[in-house]
Amino acid sequence: MNTEILVISEFVSVALALILVRFFVKAYRLVRSAYLLGLPIGFSFLASSYFFLGISLLYEDGVAVSDSFLWFRLIAQSFGFALVAFAYYFSSKTERATKYILGLITFASVISILLVLVALIVVPPFLEIPCVNVLDEYFRITNLVFLGYVIYHLVKHLKPSNGPTSGFVWAPSAFSLMWLAQYSLLIWGIDGSQAAFIFAHIARLVSLILFIRIYYQSGRARE
Amino acid sequence: MKLQKRSKLRIYFDVLKILREELNQNGHPSLTRVAHGANLPYDRFRNCLEHLIQVGMVSRGDEKLIVTDKGCEFIQEFERITDFLERMGL
Chain A
1 MNTEILVISE
11 FVSVALALIL
21 VRFFVKAYRL
31 VRSAYLLGLP
41 IGFSFLASSY
51 FFLGISLLYE
61 DGVAVSDSFL
71 WFRLIAQSFG
81 FALVAFAYYF
91 SSKTERATKY
101 ILGLITFASV
111 ISILLVLVAL
121 IVVPPFLEIP
131 CVNVLDEYFR
141 ITNLVFLGYV
151 IYHLVKHLKP
161 SNGPTSGFVW
171 APSAFSLMWL
181 AQYSLLIWGI
191 DGSQAAFIFA
201 HIARLVSLIL
211 FIRIYYQSGR
221 ARE
Chain B
224 MKLQKRSKLR
234 IYFDVLKILR
244 EELNQNGHPS
254 LTRVAHGANL
264 PYDRFRNCLE
274 HLIQVGMVSR
284 GDEKLIVTDK
294 GCEFIQEFER
304 ITDFLERMGL
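Just so you know, the sequences run in chain order A and B. Number 52 in this note's numbering belongs to position 52 of the first sequence; there are no gaps in the numbering. Basically this note's numbering = 1-based index in the second sequence + 223.
Worth flagging that the hints you see were computed from the coordinates, not collected in a lab. Incorrect hints may appear among the rest.
Stated by the list, open to error - Here are the simulated lysine-lysine pairs, DSBU-like style, with alpha carbons at most 35 Å apart:
no.	chain 1	residue 1	chain 2	residue 2
1	A	K26	A	K156
2	B	K287	A	K26
3	A	K156	A	K93
4	B	K287	A	K156
5	B	K293	A	K93
6	B	K240	B	K293
7	A	K26	B	K231
8	A	K26	A	K93
Take these sequences, add in the hints, and give me the full structure.
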């Protein structure tokens with residue numbers, strides 16, 4: 001796939017993810033439930049992961065710089081998916097449980113930032129760290145687990161009794177596309193399939209567009 | 224079953240929505256009925272109402288309370304966000 005197209009797709013993903021962050025911040029400001037913080041922070045991390053992938057593609061010639069950005073992307077992406085999964089996990093817990101989430105999110109943020117700093121500054125000069133692509137697969141498997149939990153939660157809590165349900169199918173569909181995107185990248189990492197690579201980028205873009213669609217469909221008469 | 228504590232904005236939304244429904248049904252809302260509908264003690268309801276008047280979501284005109292355009296926009300936005308969260312499975 002052409003590098004320019006890839007870079008554009010990354011920056012379009014950044015823009016879409018930031019639009020979603022804005023929606024979730026709005027939702028948090030209105031509802032003020034602590035668990036909702038997981039979504040804007042999670043999608044911010046996802047946006048930053050797309051941004052760092054875009055930047056790493058721009059600096060492809062400088063391997064060290066490119067690898068540093070790829071490390072940042074790996075951690076930011078997994079942390080983003082973890083936060084989204086946390087938000088869903090705690091959505092069905094009592095308000096008391098959510099008090100711990102803020103602490104958890106803050107703690108996890110600090111840890112992730114430290115990890116990124118270690119990956120960017122400390123590790124490369126002293127050690128020949130394993131190629132980022134080797135660990136990429138483990139991170140992808142972690143992402144698949146987090147996204148799998150979100151899909152399971154959504155399907156479990158689907159409310160067929162609330163009249164027409166088609167409006168409630170979009171969120172599981174969007175998360176399933178995200179899951180497929182991660183899975184395709186895992187396949188691409190193993191066998192280098194270009195079709196899987198292209199599908200992953202398309203699936204991710206479509207999933208982000210679907211989330212935005214859900215927002216604009218909300219408040220209207222349900223389909 | 225333990226009831227979940229409502230956020231301040233949720234309370235304002237409930238008051239505005241019931242006030243608007245009362246206005247549409249009866250033309251002249253009974254404050255006691257609005258307080259009851261919003262599940263608030265009367266003194267807290269009065270404080271809430273004063274705040275809504277201060278921020279321009281409710282106005283007093285000819286001894287009658289009116290939900291302003293700003294209030295209606297708030298109701299619409301709140302409904303959209305709660306529907307969005309519901310559709311997101313949250």
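Results of checking the hints against the structure:
| no. | hint | in the structure |
| --- | --- | --- |
| 1 | K26(A) <-> K156(A) | holds (26 Å) |
| 2 | K287(B) <-> K26(A) | holds (32 Å) |
| 3 | K156(A) <-> K93(A) | holds (15 Å) |
| 4 | K287(B) <-> K156(A) | violated (47 Å) |
| 5 | K293(B) <-> K93(A) | holds (34 Å) |
| 6 | K240(B) <-> K293(B) | holds (13 Å) |
| 7 | K26(A) <-> K231(B) | holds (15 Å) |
| 8 | K26(A) <-> K93(A) | holds (22 Å) |
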